[in-house]
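*Asks:* Let the sequences and hints guide you as you build the complete structure.
Spelled out, the chains give:
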Amino acid sequence: MLAIENLKKQFGQNVAVDDVSLSIGTGEMVGIIGRSGAGKSTLLRCINQLSEPTSGQIAWHGRRVTGLRGRSLRNWQRQCGMIFQQFNLVPRLDVITNVLMGRLSYRNTILSLMKVFAQEERAMAIMTLERVEMAAHALQRADTLSGGQQQRVAIARALVQEPSVLLADEPIASLDPRNARKVMEILRSINMEDGITVLCNLHTLDTARRYCDRIIGMAAGKIVYDGLSHELDLKSLQKIYGAEDQPFDEKITSTSIPQGDDTACPLTHVG
Amino acid sequence: MSLRKEAARAEHMAGLKAAYPRAFGLSLSQKIRLTAIWAAFFTVLFFSLDYLGVGFTRIWNGLDRMGIIAGGLFPPRSGGAFPELMGALMESVAMAFLGTLMASLVAMVLCFSGARNILPARILRFSFRRSFDFLRGVDSLVWALVYVRAVGLGPLAGVLAIATSDVGTLSKLYAEAIESADKKQIDAIRAGGGNRLEVIRFGIIPQILPVMLTNALYMFESNTRSATILGIVGAGGIGFQLSDRIRAHRWDEVSFIIIMIVGAVFVIDMISRFLRAKLIHAGKRQVL
Ligand SMILES: Nc1ncnc2c1ncn2[C@@H]1O[C@H](COP(=O)(O)OP(=O)(O)OP(=O)(O)O)[C@@H](O)[C@H]1O
Ligand SMILES: [Mg+2]
Chain W
1 MLAIENLKKQ FGQNVAVDDV SLSIGTGEMV GIIGRSGAGK STLLRCINQL
51 SEPTSGQIAW HGRRVTGLRG RSLRNWQRQC GMIFQQFNLV PRLDVITNVL
101 MGRLSYRNTI LSLMKVFAQE ERAMAIMTLE RVEMAAHALQ RADTLSGGQQ
151 QRVAIARALV QEPSVLLADE PIASLDPRNA RKVMEILRSI NMEDGITVLC
201 NLHTLDTARR YCDRIIGMAA GKIVYDGLSH ELDLKSLQKI YGAEDQPFDE
251 KITSTSIPQG DDTACPLTHV G
Chain B
1 MSLRKEAARA EHMAGLKAAY PRAFGLSLSQ KIRLTAIWAA FFTVLFFSLD
51 YLGVGFTRIW NGLDRMGIIA GGLFPPRSGG AFPELMGALM ESVAMAFLGT
101 LMASLVAMVL CFSGARNILP ARILRFSFRR SFDFLRGVDS LVWALVYVRA
151 VGLGPLAGVL AIATSDVGTL SKLYAEAIES ADKKQIDAIR AGGGNRLEVI
201 RFGIIPQILP VMLTNALYMF ESNTRSATIL GIVGAGGIGF QLSDRIRAHR
251 WDEVSFIIIM IVGAVFVIDM ISRFLRAKLI HAGKRQVL
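As given, the protein sequences belong to chains W and B, one line each in that order.
Residues in the first sequence are numbered consecutively from 1, following the working numbering.
Residues in the second sequence are numbered consecutively from 1, following the working numbering.
No lab work stands behind these hints, which were simulated from the structure alone.
Derived BS3-like pairs (lysine-lysine); straight-line CA-CA distance at most 30 Å:
hint	chain 1	residue 1	chain 2	residue 2
1	W	Lys-8	B	Lys-183
2	W	Lys-182	B	Lys-183
3	B	Lys-172	B	Lys-278
4	W	Lys-239	W	Lys-222
5	B	Lys-183	B	Lys-278
6	B	Lys-172	B	Lys-183
7	W	Lys-235	W	Lys-222
8	W	Lys-8	W	Lys-239
9	B	Lys-278	B	Lys-184
10	B	Lys-31	B	Lys-17
11	B	Lys-17	B	Lys-5
12	W	Lys-115	B	Lys-184
13	B	Lys-183	W	Lys-115
14	B	Lys-184	W	Lys-222
15	W	Lys-8	W	Lys-222
16	W	Lys-115	B	Lys-172
17	B	Lys-184	W	Lys-182
18	W	Lys-115	B	Lys-278
19	W	Lys-8	B	Lys-184
20	W	Lys-8	W	Lys-235
21	W	Lys-222	B	Lys-183
22	B	Lys-184	B	Lys-172
*Replies:* Quick look at the structure:
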């Protein structure tokens with residue numbers, strides 16, 4: 001269980017995450033929604049400890065992860081895979097080396113620096129790439145891939161970390177609908193089949209509704225909604241997205257992720 | 001055109017001028033500033049000409065001798081020393097190569113200490129940065145004079161001189177490349193539990209490697225030129241031969257040597273362009 005208590009992150013005068021307390025059960029798939037600047041990315045970065053919170057605590061299965069240093073910090077980060085909107089691959093390295101980056105914290109630094117990876121680890125990387133249907137591109141340089149392909153490589157990189165939590169920061173915001181659906185389905189299957197807890201920042205309500213069991217709404221750094229996705233009603237949406245005086249139209253937060261089989265989808269995208 | 005229309009147009013113009021004064025030529029204060037800048041420029045120009053004794057008569061008289069020298073340059077002749085000259089030229093190229101190689105290797109390590117995102121400690125970083133500035137602020141010619149005293153006449157002094165001054169330049173350039181490195185990939189390595197060294201190795205080095213290679217190759221080119229000059233102060237190579245011929249007024253051989261140098265620089269330029277294309281773009285293959 002991931003327990004967050006009174007988490008606060010401040011940048012100068014700007015409070016990005018304001019007194020957030022949350023408890024997320026093992027194996028849940030949670031969508032975090034909110035307007036731009038609501039603090040969604042900052043929250044995820046604090047959980048991974050990529051950014052240090054100003055105050056508050058985070059614990060995983062009762063063990064504190066805030067304030068860790070050195071080896072124990074990196075052990076937590078390895079348990080807590082991260083997926084970014086811009087994929088954040090190393091463009092000049094090939095796909096398999098990028099995936100192997102997820103193994104760094106398991107390995108001897110000197111060997112890693114010389115790019116010596118064990119045969120078993122390479123096999124593991126290839127198998128994971130197969131799972132996201134990218135094994136055929138293993139030796140291609142990352143900057144030659146399309147966005148959707150890069151995101152799948154990034155997911156493979158997070159998976160070889162053998163994480164217990166996966167944090168995805170708007171994983172589909174720069175993808176076309178078809179690739180977006182593919183990525184969301186992979187995330188969902190990781191959650192269902194591997195029992196990995198998934199926290200996913202999303203910009204589109206319909207995606208959040210479809211793939212997540214639970215939705216957390218953030219506004220101005222605070223949590224303003226926390227409940228089951230099918231219970232999310234217009235009033236809560238107004239709190240999350242709308243200014244009070246403006247009527248909220250759900251359509252503006254939705255994209256058209258193609259439903260059903262591909263032939264029903266009028267858009268044909270180059271993958 | 002009616003008078004009314006004309007008046008309306010004038011009023012419109014006046015309104016525009018009030019709203020966008022900058023768009024209608026310079027203001028009075030700008031004109032004064034411009035005049036002052038030109039006045040200052042001419043004052044400095046005439047003062048420098050007078051102070052350095054640059055005068056038309058001297059240039060005119062000099063032209064006469066320049067003509068004689070220019071005539072002597074043609075046709076270029078090796079003076080029967082071609083093998084010797086070739087050897088000296090190779091010595092200069094080798095000097096440039098070794099010097100640049102030493103400088104790049106040292107700079108590849110030192111540069112990290114000058115980058116904000118690697119060494120946040122301000123005072124320490126500043127002292128590293130200032131020492132880079134010192135090394136490159138002193139010309140390699142001066143370093144050559146120092147090293148000739150220290151290690152004696154010959155190419156070793158030249159190699160050390162080139163290396164010393166380029167360590168400063170390359171470290172500074174590399175440090176700046178590190179500071180402007182893309183943060184996204186660094187974040188990803190950190191988020192996955194990579195330690196400091198691994199962040200540098202996989203988050204930074206792949207990004208700055210092209211900068212390192214391009215600059216090292218460029219330095220090699222430019223050092224081939226510097227190496228010929230270093231010879232003149234006793235650091236060996238083709239420069240020594242050149243100054244020797246100039247002193248003896250053997251202008252035909254001087255022009256021969258100059259042509260050799262230009263040819264060598266040209267060849268190195270071609271090789272380095274080829275290597276850059278191969279190594280850096282590498283047909284989108286992974287390099288390191
Ligand atoms: N490194 C930083 N330095 C200063 N301010 C920051 C930094 N990172 C985030 N912020 C600020 O914190 C607030 C929350 O940002 P955050 O990126 O978490 O929002 P978000 O909900 O992810 O928005 P989006 O949906 O646009 O990604 C913003 O006001 C932002 O300007
Ligand atoms: Mg964000």
